[in-house]
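Asks: For reference, the chains in residue letters:
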Amino acid sequence: MSVHQAAEGPAFELDPRLISAVAGAPPPATGAGALRATLTFAWRALLKIRHVPEQLLDATLFPIMFTLMFTYVFGGAMIGSPEAYLRYALPGILAQTVVFMTMYTAVTLNTDIERGSFDRFRSQPIWRPAPLAGALLGDTLRYGLASALVLGIATLIGYRAPGGPGGVAGAVALLLVFCSALSWLWLIIGLTARTPAAVMGVSTMILFPLTFVSPAFAPPETMPALVREFVAVNPVTLLVEAARGLLDGVPDAGDVALVLALSGGMTLVFAPIALRLYNRRA
Amino acid sequence: MSPAITAEGLVKKYGDVVALDGVDLSVPEGTVLGLLGPNGAGKTTTVRILTTLLKPDAGRATVAGFDVVADAPRLRARIGASGQYAAVDDHLTGAENLEMVGRLYHLGTGRSRQRARELLERFDLTEAADRPVRGYSGGMRRRLDLAGALVAEPPVLFLDEPTTGLDPRARAGMWEVVSELVAGGTTVLLTTQYLEEADRLADAVAVIDHGRVIALGTADELKDRIGGDCIELAVNGAADLDAARRALAPLATGEMKADGAALRLTIPVGDGTAALVTALGRLAAERVAVRDAGLRRPTLDEVFLTLTGHRADELVTTEEDGR
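Residue numbers (the numbering used here), protein chains in the order written: chain A, 1 to 282; chain B, 1 to 323.
One chain only, chain A, in its complex shape:
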């Protein structure tokens, strides 16, 4: 066997398709198309839910605990009766649950990168953004499942949405749109953070103020002026107000439109950054 220092410069300028056609060989194999690849990654995300249902439970148990605790401990004192409080707080609890879950997008992605899975995907003949798009699709399904879980428990303890099934569907849909858009931001964090643990740290620091300093659990009228100002500019406030309107059967078209616009804006800004980071990551 002989070994050369690659001196002769092989003539590979010919189109390989032409070569295969002439040689009668099958044309070079290609990988799955964009949609199929994306669905495969979403399938992967769903398999994870099936194998590790605890993860979904982790994310939903916390808000459920809050629902029960707030309703029965503070509810009566704050708004008069537990039932009235539940009606007030549920949109916020629902939003908090799902908004908190968005951070797992970053954790999962970062774990994939750390473990080398993404290198493998990137060396496969697939539509480049498929792993990201598939992960987002899978995450959106998880958000839907978590919403159903929270709404189910709330119904068990006596919650009835004044807006009816239509209101509930609208609120959940709005939530999913917002959170999917927000997930692009988490993809950026997942792509830039060093370790999954670091992702968790950053996420919690961002998410706690966003979800608590809002009208999710208590009416902002009783809060100090400075806090009220933050509440006013907090996007979660907008989301909670819009969801509350839908659930209570008094939808505010302006709020809903604003949430949709905000979601569109987040996607327009964050998605290209995430895709660029993903493509450049090496």
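The hints are simulated quantities; they were obtained by calculation from the structure and are not laboratory data. Fair warning: this is a prediction, and the values are worked out from it, not measured in the lab.
Pulled a few chain A residues facing chain B out of the computed Cβ check, cut under 7 Å:
#: 1; residue: H51
#: 2; residue: Q124
#: 3; residue: I126
Heads up, the beta-carbon is just placed ideally off N, CA and C, and yes, glycines get one too.
Using the hints provided, position chain B relative to the given structure of chain A.
Replies: Just chain B now, kept in the frame of chain A:
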């Protein structure tokens, strides 16, 4: 035979750090090239360029006839890669991990499932097929990862330190699998820090250090480059050591090395076997009591030391894997 992998003058810089400083390679179809070097030498960077994960700053390379930059999408359909970090999904079962790869390669659900079972069977993982990978041993993970690289039956395979961190038994199993693949016509580029691995698997070895290929040839050719064989002697006392040294001096083709504490003598010789017979005759004539005598080919370790001026394992803990 046309080369399955070519690289000409590959350069890659990270800021001021030159990771690759003009790497040239050529791997004929159906052979194994062992890319040997310490951590940080540029092995992983080379593999990342050849598998389209990184773009070179200069130079060009082709794999299976496709340019790594211009033809990246089509090139990806012809390669399989298995890294030093087993890129398998902990939460999924072994079968699901492989089925996913099949779906990504557009095999269709049924065919993907069938191919997954075939590979699990071949890699002795059938029993663990439906268990989450979390519970797999290091060797099982590595086999599953390699199986993942083989789903689409790629003609060219890149193995980045396939046995790093494996126990000797798992390592031997891995070697067997790679040998089988090559026997079936697959071209393999393998990086390793284990000289034994390159010796055992590779048709040709490229020694890489500081981003350059500093030697290229078969393991035997490389060993010949630093001289022929050595006779190693162990004797019973210091007097015997001196006597042996005097008796064998005419046979030595280079400087003899005597270790007074261990009572060992190393004599570089030209024609190994004949020299050994002559040496033993002379020692018997001089009545030198020999405790142990043997003939040894130089190890790749010594080749490495001679070529690079440092030992292969010296830098093991300081590697930057080229990310």
